[in-house]
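Line order of the protein sequences matches chains P, U and D.
Going letter by letter, the first sequence gives residues 182 to 403 in this note's numbering.
Going letter by letter, the second sequence gives residues 182 to 403 in this note's numbering.
Going letter by letter, the third sequence gives residues 182 to 403 in this note's numbering.
Calculated directly from the structure, the hints in this document are not laboratory data.
Computed from a predicted model, the values in this text were never measured in an experiment.
Where a beta carbon is used, it is the ideal one built from N, C-alpha and C, also for glycine.
There may be inaccurate statements among the hints.
[Stated by the list, open to error] Quick list of simulated restraints, FRET-style, between CB atoms: (1) T384/P x P247/D: 41 to 51 Å; (2) L250/D x E256/U: 44 to 54 Å; (3) V244/D x E220/P: 51 to 61 Å; (4) A356/D x R339/U: 24 to 34 Å; (5) E259/D x V244/P: 49 to 59 Å; (6) G373/U x E241/P: 41 to 51 Å; (7) A356/D x T384/P: 32 to 42 Å; (8) A397/U x E248/D: 40 to 50 Å; (9) D188/D x R339/P: 51 to 61 Å; (10) D188/U x D198/P: 41 to 51 Å; (11) R369/U x L240/P: 51 to 61 Å; (12) A397/U x E259/P: 35 to 45 Å; (13) N375/U x H246/P: 52 to 62 Å; (14) V311/D x A359/U: 31 to 41 Å.
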Amino acid sequence: MPALHEDDGVFTLDLGDDENRFSPDWLQAVNTSLDTVVEASGALVTTGHGKCYSNGLDLEWIVRHPEELPSYRTEVQELLARVLTLPVPTVAAVNGHAFGAGAMLAVAHDFRVMRADRGFFCFPEVDIDVPFTPGMAALIQHKLTPAAAIASMTTGRRFGGTQARELGLVDETAAEGAVASNAAELVRPLAGKNRDTLGTIKTTVFGATAALLRAAEPAAQP
Amino acid sequence: MPALHEDDGVFTLDLGDDENRFSPDWLQAVNTSLDTVVEASGALVTTGHGKCYSNGLDLEWIVRHPEELPSYRTEVQELLARVLTLPVPTVAAVNGHAFGAGAMLAVAHDFRVMRADRGFFCFPEVDIDVPFTPGMAALIQHKLTPAAAIASMTTGRRFGGTQARELGLVDETAAEGAVASNAAELVRPLAGKNRDTLGTIKTTVFGATAALLRAAEPAAQP
Amino acid sequence: MPALHEDDGVFTLDLGDDENRFSPDWLQAVNTSLDTVVEASGALVTTGHGKCYSNGLDLEWIVRHPEELPSYRTEVQELLARVLTLPVPTVAAVNGHAFGAGAMLAVAHDFRVMRADRGFFCFPEVDIDVPFTPGMAALIQHKLTPAAAIASMTTGRRFGGTQARELGLVDETAAEGAVASNAAELVRPLAGKNRDTLGTIKTTVFGATAALLRAAEPAAQP
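Work out the full structure: start from the sequences and follow the hints.
See below:
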């Protein structure tokens with residue numbers, strides 16, 4: 182389960198040591214941690230430990246609760262919209278694999294630092310026949326260059342850290358063991374920004390995309 | 182006239198050995214070829230042979246058929262929208278000059294590989310007093326960085342392959358004779374993607390721009 | 182006060198030798214100069230001399246005329262929209278500090294050349310608790326990559342010329358004394374473009390953002 186630690190205004194949210202998929206309990210724990218960070222006007226680092234940052238949707242849970250898929254999707258998109266416009270500085274420390282909605286979560290942060298030598302950043306949607314929702318597609322396009330969006334969204338390609346940096350999927354790479362600490366140093370000077378101002382700025386910049394993420398999905402055809 | 186060849190799932194559409202302008206017959210032949218590629222769920226490479234990839238609109242034909250200009254423009258923009266959202270992987274192998282709507286056709290593909298040492302990528306619109314339509318402007322802006330869009334759309338500058346690569350007008354350059362083959366290798370691993378999924382992804386990503394390209398032009402003032 | 186000089190079709194608008202803030206008189210002088218440049222179908226270089234390009238809003242004047250803030254803001258945003266869509270080639274020669282609306286003015290030009298070794302490009306909005314208006318946020322996002330927009334809009338960071346070039350906030354850097362001349366050489370080949378065509382192109386490319394800059398601000402709540 183996600184766990185939150187603070188070091189002088191910089192909060193590190195450890196997403197877990199497994200695949201760190203978005204189970205309902207995991208989503209609730211993440212949201213509670215975000216409440217704490219916002220309340221404190223801190224800066225946020227998210228990271229995993231082990232092989233994965235996050236592999237995204239909890240497919241096993243979905244299979245067991247098909248009737249709850251619409252509300253689950255709403256919750257996931259709400260988290261992406263919340264992180265996108267969170268009124269504190271945010272950075273994803275991508276310690277390992279970031280797949281699908283896990284990669285989208287990283288993209289929703291202000292910045293991304295990725296381990297250089299292991300782990301893949303990947304949108305497998307095209308290969309698993311799960312197209313992006315309009316909100317998810319808008320999120321990715323709002324954060325990446327057109328070339329990076331196309332190369333990552335239409336190919337299913339797995340990008341190692343160095344390739345991800347070259348394409349601009351992430352801002353920096355770091356050696357094993359330095360990913361979370363470099364990420365923390367990136368936002369440490371930004372901790373304590375006025376959260377009303379920063380929140381307004383992010384909402385102005387990303388408002389249209391956040392609204393799409395929060396829009397009701399059209400009902401499936403009967 | 183355009184001709185289509187297949188090699189193990191990768192279809193190469195040869196646009197011709199001349200200026201490869203968009204005559205009505207040329208447009209029909211290209212569309213018929215696209216039907217074949219989509220039907221086969223193949224990957225698409227377009228290229229010319231000789232000095233030109235394509236010089237765009239068939240100005241001689243337009244001069245001879247002024248009354249058909251509106252329907253001609255509709256057909257051209259439909260081709261750009263179709264390539265932009267084609268449900269197979271696409272790459273333009275820019276073997277030589279790509280001017281005006283010829284450059285737009287290249288931009289509509291997922292990727293672009295350009296010959297390094299000869300040929301120019303150019304939007305001459307500002308110099309020939311033919312402004313971009315809203316759909317064409319949206320297409321270019323949806324595929325290039327802001328800096329690349331401005332530098333190419335407002336100056337009429339002719340970019341050689343190396344400059345085009347530096348600015349991000351194209352993704353890669355290649356030596357003479359390797360342009361089409363490098364382009365083919367780029368999409369070969371992507372041939373066979375589920376075309377419904379890829380088509381949905383591209384339509385989600387580029388839907389607004391495709392709609393602008395397909396929108397009726399406002400009627401000219403009497 | 183701003184002063185305009187011409188050299189063979191290239192007009193250099195000197196924004197002043199002080200902080201070059203946007204006082205009402207300064208705005209009027211700039212607009213009168215723009216009239217001259219457009220009338221002549223010239224190319225435009227803007228620059229300051231001394232430590233600053235422009236530090237933006239005239240805060241002292243605002244404090245003395247609080248009741249005129251709405252009309253002042255309208256004038257400032259009109260200038261940004263006008264420069265964004267000016268029907269002649271434009272380049273900002275950023276000789277020194279460009280802060281806030283001064284940096285936005287630079288961003289509104291087609292191109293930016295910045296002094297490499299001194300001066301900062303900075304959006305201090307997050308630190309002075311003055312969020313971007315929707316039009317200003319749209320302007321910056323329309324001209325910069327997503328990564329550059331986030332790094333500059335949410336951090337208050339001051340970017341020297343070299344960093345600004347790496348991030349794409351500016352297109353080129355130059356040594357002291359070569360900033361304005363390099364900028365002039367950049368647009369000299371473009372002077373004399375048909376201003377109706379170039380104006381239509383820029384209005385098509387940037388129309389939505391110009392409209393946001395020109396939209397009435399929502400009235401403040403009583």
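Going down the list of hints, with the structure as the test:
Checked against the hint of 41 to 51 Å, the C-beta distance between T384/P and P247/D comes to roughly 26 Å, which is inconsistent with it. In this structure the supplied range 44 to 54 Å holds for L250/D paired with E256/U, their Cβ-Cβ distance being about 52 Å. Taking 51 to 61 Å as the suggested C-beta distance range, the pair V244/D and E220/P does not conform, at roughly 34 Å. Taken as a hint, the range 24 to 34 Å holds for the pair A356/D and R339/U, whose Cβ atoms sit roughly 29 Å apart.
At roughly 57 Å, the beta carbons of E259/D and V244/P sit within the given window of 49 to 59 Å. The hint said 41 to 51 Å for the Cβ distance between G373/U and E241/P, and at roughly 28 Å that hint is violated. In this structure, A356/D and T384/P meet the distance hint of 32 to 42 Å, their C-beta atoms being roughly 41 Å apart. For A397/U and E248/D, the hinted distance range of 40 to 50 Å is satisfied, since their beta carbons lie about 47 Å from each other.
Range check, D188/D to R339/P: about 54 Å between beta-carbon atoms, so the 51 to 61 Å window is met. Taking 41 to 51 Å as the suggested C-beta distance range, the pair D188/U and D198/P conforms, at roughly 46 Å. Separated by about 30 Å at the C-beta atoms, R369/U and L240/P break the suggested range of 51 to 61 Å. Taken as a hint, the range 35 to 45 Å holds for the pair A397/U and E259/P, whose Cβ atoms sit roughly 38 Å apart.
Range check, N375/U to H246/P: Cβ separation about 26 Å, and the 52 to 62 Å hint is violated. Under the hint 31 to 41 Å, the C-beta atoms of V311/D and A359/U, about 54 Å apart, miss the expected range.
In this structure, the hints that do not hold are numbers 1, 3, 6, 11, 13, 14, in rising order.
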